[in-house]
Each structure stands twice: as structure tokens, then as C-alpha cells.
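2 protein chains.
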Amino acid sequence: MHIHNYPSKLLENAVDEFAKLPGIGRKTALRLVLHLLKQPTNEVESFSDALKELKQNVKYCKECMNISDTEICSICANPRRDSSLLCIVENIKDVMSLESTNQYNGLYFVLGGLINPMNGIGPADLNIEGLINKIAQGSVKEVIMALSATMEGDTTIFYLYKKIKNFDIEITAIARGVAIGDDLEYTDEITLGRALLNRTKLEASFAT
Amino acid sequence: MHIHNYPSKLLENAVDEFAKLPGIGRKTALRLVLHLLKQPTNEVESFSDALKELKQNVKYCKECMNISDTEICSICANPRRDSSLLCIVENIKDVMSLESTNQYNGLYFVLGGLINPMNGIGPADLNIEGLINKIAQGSVKEVIMALSATMEGDTTIFYLYKKIKNFDIEITAIARGVAIGDDLEYTDEITLGRALLNRTKLEASFAT
Chain A
1459 MHIHNYPSKL LENAVDEFAK LPGIGRKTAL RLVLHLLKQP TNEVESFSDA LKELKQNVKY
1519 CKECMNISDT EICSICANPR RDSSLLCIVE NIKDVMSLES TNQYNGLYFV LGGLINPMNG
1579 IGPADLNIEG LINKIAQGSV KEVIMALSAT MEGDTTIFYL YKKIKNFDIE ITAIARGVAI
1639 GDDLEYTDEI TLGRALLNRT KLEASFAT
Chain B
1459 MHIHNYPSKL LENAVDEFAK LPGIGRKTAL RLVLHLLKQP TNEVESFSDA LKELKQNVKY
1519 CKECMNISDT EICSICANPR RDSSLLCIVE NIKDVMSLES TNQYNGLYFV LGGLINPMNG
1579 IGPADLNIEG LINKIAQGSV KEVIMALSAT MEGDTTIFYL YKKIKNFDIE ITAIARGVAI
1639 GDDLEYTDEI TLGRALLNRT KLEASFAT
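These protein sequences, in sequence, are chains A and B.
Each step along the first sequence adds one to the number in our numbering, with nothing skipped, and position 148 is 1606.
Each step along the second sequence adds one to the number in our numbering, with nothing skipped, and position 116 is 1574.
Isolated chain A (complex conformation) (with noise of 0.2 Å):
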């Protein structure tokens, strides 16, 4: 149903708002703020306040680029995370998959996408510097490229070879247990634990 007969401006304000967030139609929207409205004023300002302070105070590691609340996220400050070990992934919320594994002991590295002409994106849109000088400060031995099966972590796992290849360095991918097309997102624990464990070198497939 068509609905646009808004009996307020601050309602419809908020509708706006919510119906702005992927996935959320203006009905969904509706539905959420007039819950919010049926809440006592400290719960919505609570909701308002945590959104602010997240987008005002947040920080990314200096180290991985991951979100964090210190200059160092607690994974990179952590002397029991095997440092010789880089795992490359696209997101945030990647880390939080693979920790969730339980599989894997080493360092992240957060790109902050892929490549992706289609959209846009090219190498200079990602944290590729970053990653650069993270891998030729020397303690890094092996780097995992934990990047989605699709065409586009396949093109930035081709980039990043040839940017990182001529470092002393193993160069892994995680193994295709995840099946081609699918987001990283969308991958079980249990499927992400084996291909972590199974990563194959890069060498053999690329070598010119």
C-alpha cells in the first residue's frame, strides 16, 4: 500500500530517515519508528545517542584498519596473536566471522572493499598502502587473502599478488570450500573454518 498522508513532518522526517537504510521500505520504516514512539523517551534517546557516539568517536587501528576503541584494536595488542600471520579480508565483519571460527591465531588486515570497476572502486579506494607497509615492516611471514569467491575478490586477489609477490613472503588464499558466487557474509562457521585450514599457496596458479 501507497502511504504518503503523513498526519506529521517530525514522523515523516523519521521515516525518511529509517526508510534511507538498505533493505527498509517506507512501510518497515513506519513500522519501526512508530515502535520507537510507543518506547519510553530514554530508550529512543538512548538508540539516537548510540549511533552518534559510534559515528563520532569511532576509530579505526592504526595496525589492521579494524574498527576499534583504542589506537591498536585488541587483536593487534594482543602478544599471544601469532604476528607472523596476515589474514587479508574485506570488512569488519569478515573479522568477526573468521574470530568466530575459533580457527585462526594470527593478524587481520581490513581492505575496505574490493576492487570493483563496475562500482567504481579501484586499488586507490582500498587500504592497499596500508597493507603495504604493514607486510615490508618484516615481521609478516605468510599473508591469507580471505576475500569473497566472486569476480571481484578474485581481481583484488590478483592486484594484491602482484603488489606483495616479490616480498619474502608466502602468499595463501583460503580454500574454495566456499562456493563460487557466494558473499563471505553468507558462509557458515563451520564451511569458513575448513577453508581457512585448507588455504592454498598462490604461487603455482599465478607463476608467469
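Don't read these hints as lab results, they were simulated from the structure.
Please note that the accuracy of each hint is not assured.
Just so you know, same-sequence chains aren't split out, so a pair can sit in one copy or run between any two.
Taking lysine to aspartate or glutamate and the EDC-like style, the derived pairs with C-alpha atoms no more than 16 Å apart in a straight line are [claimed, not checked]: (1) 1467 x 1529; (2) 1551 x 1503; (3) 1467 x 1527; (4) 1510 x 1470; (5) 1621 x 1600; (6) 1485 x 1643; (7) 1485 x 1647; (8) 1485 x 1646; (9) 1496 x 1511; (10) 1467 x 1507; (11) 1599 x 1628; (12) 1496 x 1583; (13) 1478 x 1501; (14) 1592 x 1628; (15) 1496 x 1646.
Place chain B on chain A using the hints.
For chain B alone, kept in the frame of chain A given last:
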């Protein structure tokens, strides 16, 4: 996938808040929060402010209890609306739905819920006193019950009928073109418009 390794407390707080909304799970909440995080600061602030301002400044029309930015809402304040017709609805969304049928030129009254003993909602939780005061003013000649065709809707209609049957008014209900068991808010506007036109007198079926 179970995700619990939030890299940031600020992130987790924001996800917690979104996940409190009806129909939003933790994965969706994380996706929405990460989307917001990618937006410019002023967009996140306008999202956050829209909710806070709605909650702080929302008014309810003194005449019909609909949301309004003014003391009297634009429908009640409109001299071209027929003030002899009063349509009783459960909530604000139902006013919007009925307005979008373009079949109704009378006034509304928002009950604020339906009698639902299973959820502990009794007559005292609804705006019934306001409704009776409104009818007692004498300008209303017909009350139209536009409530969901559910047990709660039927219970509420029966309760209200007993409360107002002694006023010198006609009491009608929108036609049950609405399939039994369906919620009003999911009804298409053609069906809803027809149900409104085919409203039936209640006296016959309830007379004892």
C-alpha cells in the same frame, strides 16, 4: 552465523539498539550500523536527531489522538471534513491507510490499541474515555468501526458498541471484505476502500 566478537564497544552498543527493534536480528542490525558508519557524519546525525526530535516534540491531536505537529491535527482542523462522521481506528497507520483510499471525508478517532486480554491490554489502556467525550459533544451522527477483522478487533467493537449504543448515533462497521484473520495494515487500498463504502449497521447483529 553467531557473531559475538565485536571489535568495538561503541559498535556493539549501536548494534544492540538496532537489534531491539521488531523484526531486526543481530546480523541485520550489524549490516545497518556498518552502512550508517560509512555515511557522512551529518547524515548519521540527521538520522539520530530525527528520532530524538520526534520523540521529544511529538504531539497527539486533542480531538482524535492522531500524531500531529499541532494541538489539533490537520484532519480535525479541516472545515471541509464531515464532522458528523467519526471513524474509529486502532492506530496512526490505519488513519494513513484509510486516507490513502480517498474514500472517506469524515473525522477519525485513534484508540491506541485493541482489547487483547492475552497481552494484558484492557479497555483502560485505550483512549475510550476520550472517544465517549467526543461523541457526547453531539456533532457526531455516525460512528464507523474500522478495526482489524481479528478476535481482538471483534472484542473491541463489541465492547465499544455496548459503551456508545445509547447515544443518538448510527453505529456501523466497515464491511468484512477484509478476509477474516487478516490485519488491517496489510490490506490493499481497493479492498479497504470497498469495505469502507459497504459498511453495515451493527444494530441488527448485536440487538439483544
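Structure-based check of all given hints:
For the identical chains of this complex, residue 1467 and residue 1529 are inter-copy neighbours only, at 14 Å across copies versus 41 Å inside a copy, given an alpha-carbon limit of 16 Å. Within a single copy, residue 1551 and residue 1503 get their C-alpha atoms no closer than 26 Å, and across copies no closer than 23 Å, so neither meets the 16 Å cut-off. For the homomeric pair residue 1467 and residue 1527, the shortest alpha-carbon distance between copies (7 Å) is at most 16 Å, but the shortest distance inside one copy (36 Å) is not. In this assembly of identical chains, residue 1510 and residue 1470 lie within 16 Å of each other by CA distance solely across copies; the values are 13 Å between and 20 Å within a copy.
In this assembly of identical chains, residue 1621 and residue 1600 lie within 16 Å of each other by CA distance solely inside one copy; the values are 14 Å within and 78 Å between copies. For the identical chains of this complex, residue 1485 and residue 1643 are inter-copy neighbours only, at 10 Å across copies versus 27 Å inside a copy, given an alpha-carbon limit of 16 Å. With identical chains, the CA atoms of residue 1485 and residue 1647 are at most 16 Å apart between copies only, with a shortest distance of 14 Å across copies and 33 Å within one. Taking identical chains as interchangeable, the C-alpha atoms of residue 1485 and residue 1646 lie at most 16 Å apart only when they sit on different chains, with a minimum of 13 Å there against 31 Å within one chain.
For the homomeric pair residue 1496 and residue 1511, the shortest alpha-carbon distance between copies (14 Å) is at most 16 Å, but the shortest distance inside one copy (23 Å) is not. Proximity of residue 1467 to residue 1507 under the C-alpha cut-off of 16 Å is restricted to the inter-copy arrangement: shortest distance 14 Å between copies versus 22 Å within a copy. Proximity of residue 1599 to residue 1628 under the C-alpha cut-off of 16 Å is restricted to the intra-copy arrangement: shortest distance 6 Å within a copy versus 84 Å between copies. Taking the closest pair of Cα atoms, residue 1496 and residue 1583 come within 16 Å of each other only across two copies (13 Å); inside a single copy the shortest separation is 42 Å, beyond that limit.
For a Cα distance limit of 16 Å, the shortest separation of residue 1478 from residue 1501 across copies, 10 Å, qualifies, whereas the shortest one inside one copy, 22 Å, does not. In this homomeric assembly, residue 1592 and residue 1628 come within 16 Å of each other (Cα to Cα) only inside a single copy, at 15 Å, whereas the closest approach across copies is 79 Å. Taking the shortest Cα distances, residue 1496 and residue 1646 never come within 16 Å of each other, neither inside one copy (36 Å) nor across copies (25 Å).
Going through the hint list in order, the structure does not satisfy hints 2, 15.
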